[in-house]
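We have chain W already, so just place chain U on it with the hints.
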Amino acid sequence: QKEVEQNSGPLSVPEGAIASLNCTYSDRGSQSFFWYRQYSGKSPELIMSIYSNGDKEDGRFTAQLNKASQYVSLLIRDSQPSDSATYLCAVSQPGGGSNYKLTFGKGTLLTVNP
Amino acid sequence: GAVVSQHPSWVICKSGTSVKIECRSLDFQATTMFWYRQFPKQSLMLMATSNEGSKATYEQGVEKDKFLINHASLTLSTLTVTSAHPEDSSFYICSAPRGGGSSGANVLTFGAGSRLTVL
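Going line by line, the protein sequences match chains W and U.
The opening residue of the first sequence carries number 9 in this note's numbering; numbering runs sequentially from there.
The opening residue of the second sequence carries number 615 in this note's numbering; numbering runs sequentially from there.
Looking at chain W on its own, in the form it has when it is part of the complex (with noise of 0.2 Å):
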């Protein structure tokens, strides 16, 4: 059974403040990963895409990869109060061409106060 591991929080961090998200996976042949931000009520929509260990940077968003930990992070730089929403991890198994399923977290709910 392959799992994907979130706090549901809420996490809540003043405005300005960095937002720290974690994500621990069970399948250690998992090679793609992948964050959503989901507003209430709204389909998900993609933040960052990271497929090798280390970070990848993208605006405020840095994505963290260890794969021998089997840990994903996301990093949210200057938080708004627009970036209150639910954070989802995925992961994905290789399944050549467009074949691949993602195994979703059931999300961290965070909330930034202005």
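Hints were generated in silico from the structure; no laboratory data involved.
Fair warning: there could be bad hints in the mix.
[As the list claims (entries may be wrong)] With a straight-line cut-off of 20 Å between C-alpha atoms, the simulated SDA-like cross-links for lysine to any residue are: (1) Lys114/W - Arg729/U; (2) Lys628/U - Phe681/U; (3) Lys114/W - Glu53/W; (4) Lys655/U - Ser48/W; (5) Lys109/W - Lys678/U; (6) Lys655/U - Glu13/W; (7) Lys678/U - Thr692/U; (8) Lys655/U - Thr692/U; (9) Lys109/W - Ala616/U; (10) Lys114/W - Gln674/U.
Quick look at chain U alone, frame taken from chain W:
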């Protein structure tokens, strides 16, 4: 960018009726689409993989006779919830892989979702 259109965005129906949800890839072709279901405060659970021109692949525990999937073209997949009951009330979301990730990996683009309420 890649756009996946899903319709209807919300639907209310009586118990025992069937509901069809459409998922279209607007600016790219998708040989594969994925259907997810999300209950309140839960994560997305994959229901089935829709394959153009062939049968869908269902996840364990998902009734294929209740959740009918048709992927008749490279841009359209439909999910029909047959004989819907209140416990089928949920948020149904389709997605399609669109090339663009590194290492040859595809990235999923999600539709806006369809909220089904069965009375």
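Can you list which hints this structure breaks, lowest number first? Hint 8 alone not satisfied by this model.
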